[in-house]
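Residue numbers (the numbering used here), protein chains in the order written: chain Y, 1 to 107; chain G, 108 to 228.
Simulated from the structure, these hints should not be mistaken for lab results. The structure presented is a predicted model; accordingly, all values stated were derived computationally and were not measured. C-beta atoms are modelled at their ideal positions from N, C-alpha and C, and glycine is treated no differently. Any given hint could turn out to be false.
[Claimed, not checked] Derived SDA-like pairs: lysine to any residue, alpha-carbon spacing no greater than 20 Å straight-line:
id, chain 1, residue 1, chain 2, residue 2
1, Y, LYS94, G, THR138
2, Y, LYS94, G, ASN158
3, Y, LYS57, G, PRO221
[Unchecked claim] Covered by chain G, according to a simulated footprint, are these stretches of chain Y (three or more residues, beta-carbon under 8 Å):
id, stretch
4, 41-49
5, 53-60
6, 74-84
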Amino acid sequence: GQNIDQPTEMTATEGAIVQINCTYQTSGFNGLFWYQQHAGEAPTFLSYNVLDGLEEKGRFSSFLSRSKGYSYLLLKELQMKDSASYLCAINDYKLSFGAGTTVTVRA
Amino acid sequence: GAVVSQHPSWVICKSGTSVKIECRSLDFQATTMFWYRQFPKQSLMLMATSNEGSKATYEQGVEKDKFLINHASLTLSTLTVTSAHPEDSSFYICSARGLWTARLPPQETQYFGPGTRLLVL
Numbered sequence: 001g002q003n004i005d006q007p008t009e010m011t012a013t014e015g016a017i018v019q020i021n022c023t024y025q026t027s028g029f030n031g032l033f034w035y036q037q038h039a040g041e042a043p044t045f046l047s048y049n050v051l052d053g054l055e056e057k058g059r060f061s062s063f064l065s066r067s068k069g070y071s072y073l074l075l076k077e078l079q080m081k082d083s084a085s086y087l088c089a090i091n092d093y094k095l096s097f098g099a100g101t102t103v104t105v106r107a
Numbered sequence: 108g109a110v111v112s113q114h115p116s117w118v119i120c121k122s123g124t125s126v127k128i129e130c131r132s133l134d135f136q137a138t139t140m141f142w143y144r145q146f147p148k149q150s151l152m153l154m155a156t157s158n159e160g161s162k163a164t165y166e167q168g169v170e171k172d173k174f175l176i177n178h179a180s181l182t183l184s185t186l187t188v189t190s191a192h193p194e195d196s197s198f199y200i201c202s203a204r205g206l207w208t209a210r211l212p213p214q215e216t217q218y219f220g221p222g223t224r225l226l227v228l
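Given these sequences and hints, build the entire structure.
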């Protein structure tokens with residue numbers, strides 16, 4: 001099975017940087033996904049890490065350390081539209097989601 | 108690319124009736140489709156995994172006779188909630204995973220439909 005931990009909530013100011021941590025314990029691992037979910041909507045794909053290291057995609061970056069069971073999602077130059085829930089998900093040919101981190105961006 | 112649609116987006120029904128939700132991959136062939144349920148302020152919980160042409164694999168605690176899944180083609184899966192009760196009211200989301208010829212996006216990526224809100228009175 002999987003055990004996935006993320007902080008429940010984070011608040012940051014527009015233009016700032018926020019780092020969302022995800023720690024996990026899993027019996028099987030075939031990559032880690034980050035999804036963004038706005039209230040009342042379905043999740044949208046942000047990033048995928050299967051090897052250790054940093055993956056950068058525009059304002060969003062994601063890091064993975066398999067030996068530590070640790071990942072983070074880094075959001076830079078925060079915008080109001082980034083206010084959403086961010087879901088860490090372990091892929092073992094099916095996805096197991098963490099509870100999600102609600103990020104609130106304030107002006 | 109990678110568009111997944113769901114129909115209907117909203118459904119209200121009486122207790123005891125059955126509701127069918129459709130999930131379609133519009134621009135790719137979905138070898139595997141997944142059905143999730145999400146209650147307010149909670150994360151997504153996987154209900155079942157569906158491979159085209161074979162029986163769905165249900166997660167522990169999910170009644171297969173209550174939640175009927177059919178994956179008859181590479182672009183369509185349906186979830187039927189039979190004899191719905193108020194406790195079945197939830198946000199039902201499907202996702203699809205397909206085969207890609209290009210390296211990106213990663214083949215493991217699941218793309219989600221917009222979800223279906225079910226309210227059972």
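Hint check results:
no. : hint                  : result
1   : LYS94(Y) to THR138(G) : 13 Å, holds
2   : LYS94(Y) to ASN158(G) : 12 Å, holds
3   : LYS57(Y) to PRO221(G) : 24 Å, violated
4   : 41-49                 : holds (count 6)
5   : 53-60                 : violated (count 0)
6   : 74-84                 : violated (count 0)
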